[in-house]
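Make the full structure from the sequences, and use the hints.
For the sequence shown, the numbering used here assigns the number 11 to the initial residue and increments by one for each residue that follows.
Just so you know, the hints here were simulated from the structure itself, not pulled from any lab data.
Careful: at least some of the hints might be erroneous.
Claimed, not checked - List time: in silico BS3-like cross-link candidates among lysine-lysine, alpha-carbon distance up to 25 Å:
1. Lys131 to Lys152
2. Lys215 to Lys42
3. Lys155 to Lys215
4. Lys152 to Lys215
5. Lys155 to Lys131
6. Lys126 to Lys146
7. Lys126 to Lys155
8. Lys146 to Lys131
Since the model is a prediction, treat every value here as computed from it, not as a measurement.
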Amino acid sequence: MGVPHLDAIITTDLTKCFQDVPALGNLNLRIKAGTVFGFLGPNGAGKTTTIRLLLGLLQPSAGSAEVMGWSVAHDARHIRERVGVLLEHHGLYERLSAYDNLAYFADIYHLEASVKEQRIKELLGSIRCWERRHEKAGSWSKGMKQKLAIARALIHDPELVFLDEPTSGLDPAAAHQLRDELLELVKQAGKTIFITTHNLEEAEKVCDQVGVIDRGQLLATGSPSELRGSFSRPKVIITIGGGAGAAEAADGPEVAGGAEKPSPLAAKALAALKHVSGVQPVAQQSVATRGLVAENRISVELSDPDSVPAIIRALV
11 MGVPHLDAII TTDLTKCFQD VPALGNLNLR IKAGTVFGFL GPNGAGKTTT
61 IRLLLGLLQP SAGSAEVMGW SVAHDARHIR ERVGVLLEHH GLYERLSAYD
111 NLAYFADIYH LEASVKEQRI KELLGSIRCW ERRHEKAGSW SKGMKQKLAI
161 ARALIHDPEL VFLDEPTSGL DPAAAHQLRD ELLELVKQAG KTIFITTHNL
211 EEAEKVCDQV GVIDRGQLLA TGSPSELRGS FSRPKVIITI GGGAGAAEAA
261 DGPEVAGGAE KPSPLAAKAL AALKHVSGVQ PVAQQSVATR GLVAENRISV
311 ELSDPDSVPA IIRALV
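So, in structure tokens, the structure goes:
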């Protein structure tokens, strides 16, 4: 079933505070239908909060969101009926068999008997568990349970699927296997996938587009290769002694002041660096240490690591 909307998810200044503490601030996203979108960030960054807001399980403090053309504020029930969800817990009934778990959730979504049987067989086959369908879910490993939980989220053939840290807590081998099977599953289905992770490698392997979030703030969006390039450019720190024009340091601990006026030597270095290809000055900082004159530190970002010899020639 294809998504009939050009954009599967749109958020506009979406904000959530808990007792005046911001958990998510002014989130603006536009995710096209059919995209595997990764939300990348550390624990506590606001990833799960975002999913709960998009499902209508939390009310935003400000801003708005649409999911598949439905307003989260007014149509949350319609949204939840049409999406698949895997949150922190797998949501399986461990005393039931794998088959009965999927059959139970198929009944919740009112699938016809023939469709139900077909979907169960397809999904258990896709995760290579058809031969184990009569085993109780509680007897399976965590990795196997996660695969079954993903199948459960897909049982009603949803247009959009939310997966919250699906490989969390798995050993590296199990996580790798789950990623490969998840990639195969979602690519075949052609669905929109919103997956949260703190693992850049996972995002690179599975996702078409990635958003980077930290402390509730969206830092960047783009393809995995674009983001890796922008966040992994090498940097060089150039330290210039005080010399003429540098003030004597106060008798105290190290102090840094990024907004201070550079010394004449530092200003000359900054001017020289502007003419070096592949080099972008990022920051200039004055640092005072106990009993020493102030130093100036210049941080430069290299689009080309081979620019280092040119930097040296420009400064000597």
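The hints, checked one at a time:
no., hint, verdict
1, Lys131 to Lys152, "holds (21 Å)"
2, Lys215 to Lys42, "holds (19 Å)"
3, Lys155 to Lys215, "holds (22 Å)"
4, Lys152 to Lys215, "holds (21 Å)"
5, Lys155 to Lys131, "holds (17 Å)"
6, Lys126 to Lys146, "holds (19 Å)"
7, Lys126 to Lys155, "holds (20 Å)"
8, Lys146 to Lys131, "holds (17 Å)"
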